Amino acid sequence: MPLPNEHACSLRTDVTVVGSRTRTTGNGKKYRILFGIPKRGNGSVERSYRYPKANWSASEARAHCSQHGGKFEAALVQSAARRLSKAARGR
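According to our numbering, the sequence shown holds residues 3 to 93 in order.
Incorrect hints may appear among the rest.
Claimed, not checked - Below, in silico cross-link-like pairs of lysine-lysine (DSSO-like), each with a Cα-Cα straight-line distance of 27 angstroms or less:
| id | residue 1 | residue 2 |
| --- | --- | --- |
| 1 | Lys-55 | Lys-32 |
| 2 | Lys-55 | Lys-73 |
| 3 | Lys-31 | Lys-73 |
| 4 | Lys-55 | Lys-31 |
| 5 | Lys-32 | Lys-73 |
| 6 | Lys-41 | Lys-73 |
Calculated directly from the structure, the hints in this document are not laboratory data. The structure presented is a predicted model; accordingly, all values stated were derived computationally and were not measured.
Generate coordinates for the entire structure from the input sequences, incorporating the hints supplied.
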């Protein structure tokens, strides 16, 4: 499901999220990494990335996601986010 304020990059679906941290790219852009524990295995792995749409365009986030072999999903555009919010409130 698209997020209202962040573009998303899914790397793995077989992982239970246990935490996150922020990383900065070489060009100074920050993004969040969600970590998790695989259903089969030990240790933690990167599950997904989150890119604040205030700092990342959809094309920039998509390119970064592609470099890491992820599945990209752009953030909601403002009008779609409003419709989704109204629907959730039953309006």
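Hint numbers not upheld by this structure, sorted from lowest to highest: none
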